[in-house]
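2 protein chains.
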Amino acid sequence: MTPDIAAVKAALAHLDIEERDTAIRSASRDFFWYSPVLKPRLDHVRADFVVRPRSEAEVIEVLRVCHAHDVPVTTRGAGTGNYGQAMPLAGGCVLHLKHMDKVGEIAPGRVICEPGVLLKDLDAACRAHSGQELRMFSSTWATATIGGFVAGGSGGVGSVRWGSLRDLGNIIRLRVVTMEAEPRVLEFRGEELARVSHAYGTNGIITELEMPLAPAHDWVDLLVDFDDFDAAMGFADDLANEDGLLIKLASVYEAPIAHAYFARIKPHVTPDSNLVGLMVAPHAMDGFLTFLGRRPEGRLIWRSDAPDWDRAPGQVFEYGWNHTTLRALKVDPAITYLQVRYAFPEHRVLVRAMREEFAPEVLQHLEVIRENGKVSLAGLSLVRFTTEARLDEIIRRHEEAGALVFNPHRYTLEEGGRQKADPRQLDFKREADPKGLLNPGKMIAWDDPDWSYDAIYAWPGLRAS
Amino acid sequence: MTPDIAAVKAALAHLDIEERDTAIRSASRDFFWYSPVLKPRLDHVRADFVVRPRSEAEVIEVLRVCHAHDVPVTTRGAGTGNYGQAMPLAGGCVLHLKHMDKVGEIAPGRVICEPGVLLKDLDAACRAHSGQELRMFSSTWATATIGGFVAGGSGGVGSVRWGSLRDLGNIIRLRVVTMEAEPRVLEFRGEELARVSHAYGTNGIITELEMPLAPAHDWVDLLVDFDDFDAAMGFADDLANEDGLLIKLASVYEAPIAHAYFARIKPHVTPDSNLVGLMVAPHAMDGFLTFLGRRPEGRLIWRSDAPDWDRAPGQVFEYGWNHTTLRALKVDPAITYLQVRYAFPEHRVLVRAMREEFAPEVLQHLEVIRENGKVSLAGLSLVRFTTEARLDEIIRRHEEAGALVFNPHRYTLEEGGRQKADPRQLDFKREADPKGLLNPGKMIAWDDPDWSYDAIYAWPGLRAS
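Chains A and B, in that order, give the protein sequences.
At position 100 of the first sequence the residue is numbered 100 (the working numbering), and the sequence of numbers has no breaks.
Counting the second sequence from 1 gives a position; the working numbering is that position plus 465.
Since the hints were derived computationally from the structure, they do not count as laboratory data.
Take these hints with a grain of salt, some might be off.
Dumping the calculated SDA-like pairs for lysine to any residue here, alpha-carbon to alpha-carbon at most 25 Å [unchecked claim]:
no.: 1; chain 1: A; residue 1: Lys420; chain 2: B; residue 2: Phe756
no.: 2; chain 1: A; residue 1: Lys120; chain 2: B; residue 2: Pro573
no.: 3; chain 1: A; residue 1: Lys120; chain 2: B; residue 2: Ser595
Covered stretches of chain A (in silico footprint by chain B; criterion: 3 or more residues with CB under 8 Å from a CB of chain B, positions within the stretch not fixed) [claimed, not checked]:
no.: 4; segment: 106-114
no.: 5; segment: 156-169
no.: 6; segment: 188-198
no.: 7; segment: 208-216
no.: 8; segment: 243-255
no.: 9; segment: 287-296
no.: 10; segment: 372-385
Owing to the predicted nature of the structure, the values given are computational and were not obtained by experimental measurement.
Glycine included, every Cβ here is placed at the ideal spot set by N, Cα and C.
Using the sequences and the hints given, assemble the complete structure.
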């Protein structure tokens, strides 16, 4: 199988094709550089060309032609992932879905749209139509696409109420094009959704989504400051357990994260501030303030509905989830991170144990989430990076203690996930991408079914720099 | 203190006063007759007259005049409570709020209204305005008022998602008139709400409410049949733990409740059917059916979005909560009930233990609820009544096993609640009703602070028949 790039470009010349070197290089990258492990390994990755289809028919055409000429196809939305999800390890074609940004039918509780629409534009359309919004979104809401979120993300702002994208009901329907001599268009619901959601586009291209909606609110952003980390963590956890208080975000930042890395917040906190960031529905503010009044150790330092800072901090969710790491990195390039799941009911105990063992090398950044109906904690811990060996050691200790780590220093689905093959995704790849041309190198189960996970997987097909 | 009924009636003659005997008797009763304990004790209770104010100003006038002449005032909405909440034990005035049924401002997530509006009319107004509805309502939605629900209820349909009325955020604001020489109008929010919510009108009259709203959906009613009770209970519990599946009701009916007492459902079940009744949002149906597909032991026998019965069963919620008891009573007058709380995480274990000890004398009717952020179970168990002593024994055994019983065979706040005084309610009664004229006999803490709770409290002021 030798890809015939020239033949494909000629056959697709009537489409919107990008050939400028800087643009191709830019479209071949995501936020993989969050990881000092991935950075040196993937920094050179570059597609041969970028194509930007305007319709499902053009997606089909691209896939048919690339299939015929054995050209790999890696699909991307905005490229805001940070696991190298959207990076074309073998070069070839980057399928950029930015033109496929139409919002279709909006109904009570659901919306139909194309994959390339930005999360913020989709929210704006749903709000204008009927006062609705997405149940959850990544902190890259302003720049990321819904297709990229579903294919490469797992949850985010809103997961404190609705759980994860993988949970039943958080995706209604996906329409998918296969990578075959004659691409097929399939509609997936129910159990079938797991084949292609969070599959990095390794086994089909999503051309339409039907997503559930929640009521839109003018969420009030809040920052609450605590001297004590445990008090901050308990506050956020307990608040999320208040069934009558509608919230969309509860983030916890161990000291000195807020002071050290959040420039606009810094003047209002100290190095000892353990900060909680919240989004609360306006009609829940009375109840929230009642809850706060019961915990005098929490100091409300910012509420966006009564701003009193010289310079507002901006959206509170843009301090949370992956944005925390981004802000820390900008100040201190030695910072990297982990993605940890602390399961109920031992979630607080586990966090305390990890904090005792690793602070300040590892600083706790927690996001309150729901998992299997229970409030628990996701950690996007900030790590002061020294060596890969030490990073692996820290991860190993978390796992030994009982925390689940989604390793963000790996570019395969399995290593960034639960470290085992997903037979639903693998089976569907066999059917939908028999030549293995979709986002190659991202599914270990396809390339090396007997892989032991003892060390970082280095895909042999990775094109050299 | 001798009430001067004649003077009050004369002073209020320009208001809408009811003097016909049958109408007074009817307005002096609620659903207390669910209880074979309360029935003989309260059956004779009768007010001297009924007044139906049209405005807050008229409420103030009634209270001022009654206060001046020492006439007790018992407030009622539709009288659908079943603890004798709205029954005028000392006679006097029944303050009937049916004319105060105006719906005021509706905004995203909240509504302002008067207490006498029916739950169903309030929902209709909110839906027509902006596609919203109440977070929770009693199964008497079609006939009950919002004021009665807040003053006399605790939760209901919707509590599986939003918890109880007592939870922070589930009531936003209450406007209350006091019973003094010169009645005051007070506005309560936050911690103050607990003074008068679920206080049976013993310490103030609610004249306006601000309630939170949720998005309205065309809820799909579902009935799922199981051979095995544990499977039915597990299904309902686990479904409510699916964070991405939006539901409003999950009821469980042990065999043979559905066959024995649900006439329209009977042709579709057997005496061995353990039935689960559900309300699922339309956009969650795909996810729900996926969940159901994983549990082949559950047979979907009814879905209101694809009706296939000769005669539809009507609203599924009208089989749940207190309507279950009502339907059973109509078929078999020997049936009464308990109100039990089985707390997480031992809820299923506790139900199994009670079932083992008491079936079929006690049949399990469960409602899935949220309490302190966790899915747990409320029991409105059907009891085959024999004697008061046996009923007390059954309750005692439930309490010994670790279940909390809200005894529906008592007419006081404390006995029907947590069997202790609520100092917030008592303190406010001292301030707002110094003569003790509001719904007398319902607050033990006011009448007999040293009461031991060893036996049923019999208020000495109860007017003889």
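Against which earlier hints does the structure fall short, listed by number upward? Every hint satisfied by this model.
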